[in-house]
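**Student:** Sequence:
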Amino acid sequence: MKITGYSTTLYEFPVSRRTGDANSPSGKIRGSGSLLELYTDEGLTGIAFGGAGAAPQIRSMVEGILMGEDPRQVTGLWKRMVDRAFKGGHDGIVNDAISVLDVAMWDLK
3 MKITGYSTTL YEFPVSRRTG DANSPSGKIR GSGSLLELYT DEGLTGIAFG GAGAAPQIRS
63 MVEGILMGED PRQVTGLWKR MVDRAFKGGH DGIVNDAISV LDVAMWDLK
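Using this note's numbering, you'd call the opening residue of the sequence shown number 3 and step up by one each time.
Do not rely on the hints blindly, as some may be mistaken.
What the hints assert, rightly or not - Below, in silico cross-link-like pairs of lysine-lysine (DSSO-like), each with a Cα-Cα straight-line distance of 30 Å or less: (1) Lys111 to Lys4; (2) Lys30 to Lys4; (3) Lys111 to Lys30.
What the hints assert, rightly or not - Label-pair distances were calculated between CB atoms; the ranges are: (4) Trp80 to Thr21: 26 to 32 Å; (5) Arg32 to Met3: 36 to 42 Å; (6) Lys111 to Gly22: 34 to 40 Å; (7) Gly78 to Pro16: 36 to 42 Å; (8) Pro27 to Met69: 38 to 44 Å; (9) Arg61 to Lys30: 22 to 28 Å; (10) Arg82 to Glu44: 17 to 23 Å.
The set of hints was computed from the structure by calculation and includes no laboratory data. Just so we're clear, the structure is a prediction, and the values are computed from it rather than from any experiment. Note that CB positions come from ideal geometry on N, CA and C, so glycine has one too.
Construct all of the structure, not just a fragment, from the sequences and the given hints.
**Tutor:** See below:
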């Protein structure tokens, strides 16, 4: 089995109450996220949900590391993604992208 492609779908949804934090003290009335579909040459699709801001990093990881690889080799592929991304620490949108791709590959395994 080989990874042949992917798609990300961004979505927004209303939240039941205004939520905020230090970065958004007035609060937000809408949430957002993304759906990742990871396609294989065998017609199977791995699916995972993640943050809306991770789409550029997902594209970078799929096109730079995962395309043509066997998604059942999750641990080795996860290590390659982490080694590429985390010279500066483990946080932020890159971590979200790796998490979403990891879940989609486990879905295929």
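**Student:** Each hint: holds or not?
**Tutor:** Comparing the hints with the structure gives:
| no. | hint | in the structure |
| --- | --- | --- |
| 1 | Lys111 to Lys4 | holds, 12 Å |
| 2 | Lys30 to Lys4 | violated, 40 Å |
| 3 | Lys111 to Lys30 | violated, 37 Å |
| 4 | Trp80 to Thr21: 26 to 32 Å | holds, 31 Å |
| 5 | Arg32 to Met3: 36 to 42 Å | holds, 37 Å |
| 6 | Lys111 to Gly22: 34 to 40 Å | holds, 38 Å |
| 7 | Gly78 to Pro16: 36 to 42 Å | holds, 40 Å |
| 8 | Pro27 to Met69: 38 to 44 Å | holds, 41 Å |
| 9 | Arg61 to Lys30: 22 to 28 Å | holds, 26 Å |
| 10 | Arg82 to Glu44: 17 to 23 Å | holds, 22 Å |
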